[in-house]
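Enquirer: Make the full structure from the sequences, and use the hints.
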Amino acid sequence: MARYVTDFAADTRLLDHEVRRVLVIGHRGAAGDYDENTLAAFRHAAACGVDGIEFDVRQLDDALIVLHDDTLERTTDGHGHYKAQSLAALRALRTPRGEQVPLLHEVLETMPAGLVNVEVKEAGIAPAVLAALRAWLATRPQRAADLLLSSFDGPTTTALADGRGGAMRLGVLYAREEGFDAALARARALGAWSLHLPLADVDAAAIARVHGDGLRALVYTVNAERDLARCHASGVDGVFSDFPVRALASVRRLARRDVS
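For the sequence shown, the residue numbers in my numbering are -15 to 244.
I should point out that these hints are in silico values taken from the structure, not numbers from a laboratory. Backbone N, C-alpha and C define an ideal beta-carbon position, used for all residues, glycine too. Incorrect hints may appear among the rest.
[To be verified] DMTMM-like, lysine to aspartate or glutamate: derived pairs with alpha carbons at most 20 Å apart:
id: 1; residue 1: K67; residue 2: D40
id: 2; residue 1: K67; residue 2: E162
id: 3; residue 1: K105; residue 2: D53
id: 4; residue 1: K105; residue 2: D45
id: 5; residue 1: K105; residue 2: E90
id: 6; residue 1: K67; residue 2: D53
id: 7; residue 1: K105; residue 2: E57
id: 8; residue 1: K105; residue 2: D137
id: 9; residue 1: K67; residue 2: D46
id: 10; residue 1: K67; residue 2: D54
id: 11; residue 1: K105; residue 2: E209
id: 12; residue 1: K67; residue 2: E57
id: 13; residue 1: K105; residue 2: D197
id: 14; residue 1: K67; residue 2: D45
id: 15; residue 1: K105; residue 2: D46
id: 16; residue 1: K67; residue 2: D17
id: 17; residue 1: K105; residue 2: D187
id: 18; residue 1: K105; residue 2: E162
id: 19; residue 1: K67; residue 2: E93
[Claimed, not checked] Label-pair distances were calculated between CB atoms; the ranges are:
id: 20; residue 1: A72; residue 2: D187; range: 41 to 51 Å
id: 21; residue 1: E162; residue 2: H63; range: 24 to 34 Å
id: 22; residue 1: A213; residue 2: E162; range: 25 to 35 Å
id: 23; residue 1: D53; residue 2: A166; range: 18 to 28 Å
Expert: The structure is reproduced here in structure tokens:
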């Protein structure tokens, strides 16, 4: 069997032969195969052997919940803004396949060894998220380096950077409106571990600049075979994919092709 080597290899299991391959991170668990951000999606991603799992965190009342949108129609049988619900009412809603909106602590209990990317979706909740993560780490301190914190919100990213302490990692996530140059400078200034790029910004020159600053390049959201091949050829370190089983098969095939 070959054994794959990645930049994250010191912190995750090595797979097959000494061949570089792109890491696969299940986007919202496995959003293309299961209802996104549900326990079923996370368990599926874990069972298929992904290198990491990404999910989104919001706050309702005093609870941290795992939900991407701030409205309910797309992912549940509810309507309107999620903050118009009580926690009990939100938990009574169901996704198309009958799943609940999970709580953060429930999701953390499903996380396998490997990268855990916690994306904070709203301003002002970084302290609560960090407190919850520290509580989870209290009984598993060896998992601290698995935690990768990110947010599209600039002040929230700064709050995560300032408050994370210890071994928790920071990822700078940006939309194309900010621009690659500004995001890369922000990642350097915050001491980030990774820069999370939109697929449209990926080319070999951009990835070389990310690596030149000592950062890992993680790319969202990569589902098509041709886009996985482009990321592989450009030197990307990892991809967020809605279809992690398919993506794992593709990146392994690309890695084997390089040494055949």
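Enquirer: Work down the list of hints and note, for each, if the structure agrees.
Expert: Do the hints match the structure? See the list:
{"no.": "1", "hint": "K67 - D40", "verdict": "holds (16 Å)"}
{"no.": "2", "hint": "K67 - E162", "verdict": "violated (28 Å)"}
{"no.": "3", "hint": "K105 - D53", "verdict": "holds (9 Å)"}
{"no.": "4", "hint": "K105 - D45", "verdict": "holds (15 Å)"}
{"no.": "5", "hint": "K105 - E90", "verdict": "holds (18 Å)"}
{"no.": "6", "hint": "K67 - D53", "verdict": "holds (11 Å)"}
{"no.": "7", "hint": "K105 - E57", "verdict": "holds (17 Å)"}
{"no.": "8", "hint": "K105 - D137", "verdict": "holds (8 Å)"}
{"no.": "9", "hint": "K67 - D46", "verdict": "holds (12 Å)"}
{"no.": "10", "hint": "K67 - D54", "verdict": "holds (8 Å)"}
{"no.": "11", "hint": "K105 - E209", "verdict": "violated (29 Å)"}
{"no.": "12", "hint": "K67 - E57", "verdict": "holds (13 Å)"}
{"no.": "13", "hint": "K105 - D197", "verdict": "violated (27 Å)"}
{"no.": "14", "hint": "K67 - D45", "verdict": "holds (8 Å)"}
{"no.": "15", "hint": "K105 - D46", "verdict": "holds (16 Å)"}
{"no.": "16", "hint": "K67 - D17", "verdict": "violated (27 Å)"}
{"no.": "17", "hint": "K105 - D187", "verdict": "violated (28 Å)"}
{"no.": "18", "hint": "K105 - E162", "verdict": "holds (17 Å)"}
{"no.": "19", "hint": "K67 - E93", "verdict": "violated (25 Å)"}
{"no.": "20", "hint": "A72 - D187: 41 to 51 Å", "verdict": "holds (49 Å)"}
{"no.": "21", "hint": "E162 - H63: 24 to 34 Å", "verdict": "holds (32 Å)"}
{"no.": "22", "hint": "A213 - E162: 25 to 35 Å", "verdict": "holds (27 Å)"}
{"no.": "23", "hint": "D53 - A166: 18 to 28 Å", "verdict": "holds (26 Å)"}
Comparing the model with each numbered hint stated earlier shows that hints 2, 11, 13, 16, 17 and 19 do not hold.
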